[in-house]
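**Student:** Dock chains B and C with the ligands against the given chain A, drawing on the hints supplied.
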Amino acid sequence: MKMIMAIVQDKDSNKVSSQLAKAQVQATRFNSAGSFLRSGNTTFMIGIEDERVEEVIEIIHQASRSRKQFMTPPLNMDSIMDSGSSFPIEVEVGGGTVFVLPIDSFRHF
Amino acid sequence: MKMIMAIVQDKDSNKVSSQLAKAQVQATRFNSAGSFLRSGNTTFMIGIEDERVEEVIEIIHQASRSRKQFMTPPLNMDSIMDSGSSFPIEVEVGGGTVFVLPIDSFRHF
Amino acid sequence: MKMIMAIVQDKDSNKVSSQLAKAQVQATRFNSAGSFLRSGNTTFMIGIEDERVEEVIEIIHQASRSRKQFMTPPLNMDSIMDSGSSFPIEVEVGGGTVFVLPIDSFRHF
Ligand code: NI
Ligand code: NI
Ligand code: NI
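Residue numbers (this note's numbering), protein chains in the order written: chain A, 1 to 109; chain B, 1 to 109; chain C, 1 to 109.
With the rest of the complex left out, here is chain A:
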């Protein structure tokens, strides 16, 4: 038995939840935040049999992998004055961090 602690971006958390549910993996969700930018993220705590650790990490990886996205930056007064328009830019979103911890014992009642 291992404990997996996984931190993913809020925008990926529902996908992570539903993919874990589809694989019948019980998880506990916590609202959390990064300490640098204080932006919200979601932490999942999962107790799982040793044989399924890699499978669970791969589920989280697929549901939260970092990828490029086009995003239109919000207009501000300067740019309106300047050009009157805003162009989509490519940004990187997603990504996650996973820790696997040993467990001494587990009880469900």
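Accuracy of the hints is not assured; some may be wrong.
If several chains are the same, the list does not tell them apart, and a pair holds so long as it fits within one copy or across any two.
[As the list claims (entries may be wrong)] In the SDA-like style, the derived pairs of lysine to any residue whose C-alpha atoms are separated by at most 25 Å in a straight line are:
(1) LYS2 <-> SER39
(2) LYS22 <-> PHE36
(3) LYS15 <-> ARG107
(4) LYS22 <-> ILE89
(5) LYS68 <-> GLY34
(6) LYS11 <-> SER66
(7) LYS22 <-> GLN9
(8) LYS11 <-> THR72
(9) LYS2 <-> PHE70
(10) LYS11 <-> HIS108
(11) LYS2 <-> ARG67
(12) LYS2 <-> VAL91
No wet-lab data here; the hints were simulated from the structure.
**Tutor:** Leaving out everything else, chains B and C with the ligands in the frame of chain A:
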């Protein structure tokens, strides 16, 4: 020294807190949620001497054990039309999950 | 690699965050609460190389150490009737608890 992570239903969390306090066991509480039904629950994080692990698990067990309860389901329009009344049904509430993790070291300042 | 779980008072949490950031230490923050007085605190979860464990604990220690502070207790009706004034008293604030846990593996994607 061990770390106990215990997830219990919100309705049992105050009883768990007060029983831990009565036993002089320090705990940290987190609002959390199940990932299937997204229903709220409470996670307790407890650092405890090896000799007291079983005692703490038993406290949490007694305060959150699953049990049967009678509950009156909420009326909906169909059932009002149908029978004009709602009967109590037996449901299972409570239950918890406990993980015991090894700790390398501990510091209090 | 180790996992550090650190619980500090809310009033020290921004200092802890910024000192960790200054040392380039990634951390995840959680709102939490003590189970005795239910007062809010903040829990930091940090994955860190073995060689930096002591450094990180010392950062948290310096940013949250318990110290004496003078505080003016809030006036209540009795004391107004009684003396008409309120005197600063010395109270202890701060302090933290740190757990260091072993990690089997770590992944970032
Ligand atoms: Ni039982
Ligand atoms: Ni000190
Ligand atoms: Ni990848």
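**Student:** Against this structure, judge whether each hint is valid.
**Tutor:** Hint check:
With identical chains, the CA atoms of LYS2 and SER39 are at most 25 Å apart between copies only, with a shortest distance of 24 Å across copies and 28 Å within one. Taking the closest pair of Cα atoms, LYS22 and PHE36 come within 25 Å of each other only across two copies (9 Å); inside a single copy the shortest separation is 33 Å, beyond that limit. When the C-alpha separation of LYS15 and ARG107 is checked against a cutoff of 25 Å, the pair qualifies only between copies, where the shortest distance is 19 Å, while the shortest distance within a copy is 28 Å. In the homo-oligomer, the alpha carbons of LYS22 and ILE89 never lie at most 25 Å apart, since the shortest distance is 34 Å inside one protomer and 29 Å across protomers.
In the homo-oligomer, the alpha carbons of LYS68 and GLY34 lie at most 25 Å apart inside one protomer (21 Å), although the nearest pairing across protomers, at 30 Å, exceeds that limit. In the homo-oligomer, the alpha carbons of LYS11 and SER66 lie at most 25 Å apart inside one protomer (12 Å), although the nearest pairing across protomers, at 34 Å, exceeds that limit. Taking CA atoms no more than 25 Å apart as the test, LYS22 paired with GLN9 passes in both settings, with 20 Å inside one copy and 23 Å between copies. With identical chains, the CA atoms of LYS11 and THR72 are at most 25 Å apart within one copy only, with a shortest distance of 17 Å there and 37 Å across copies.
Taking CA atoms no more than 25 Å apart as the test, LYS2 paired with PHE70 passes in neither setting, with 38 Å inside one copy and 36 Å between copies. In this assembly of identical chains, the alpha carbons of LYS11 and HIS108 lie at most 25 Å apart only when taken from different copies (17 Å versus 31 Å within one copy). In the homo-oligomer, the alpha carbons of LYS2 and ARG67 never lie at most 25 Å apart, since the shortest distance is 28 Å inside one protomer and 28 Å across protomers. Taking the shortest Cα distances, LYS2 and VAL91 never come within 25 Å of each other, neither inside one copy (34 Å) nor across copies (31 Å).
Comparing the model with each numbered hint stated earlier shows that hints 4, 9, 11 and 12 do not hold.
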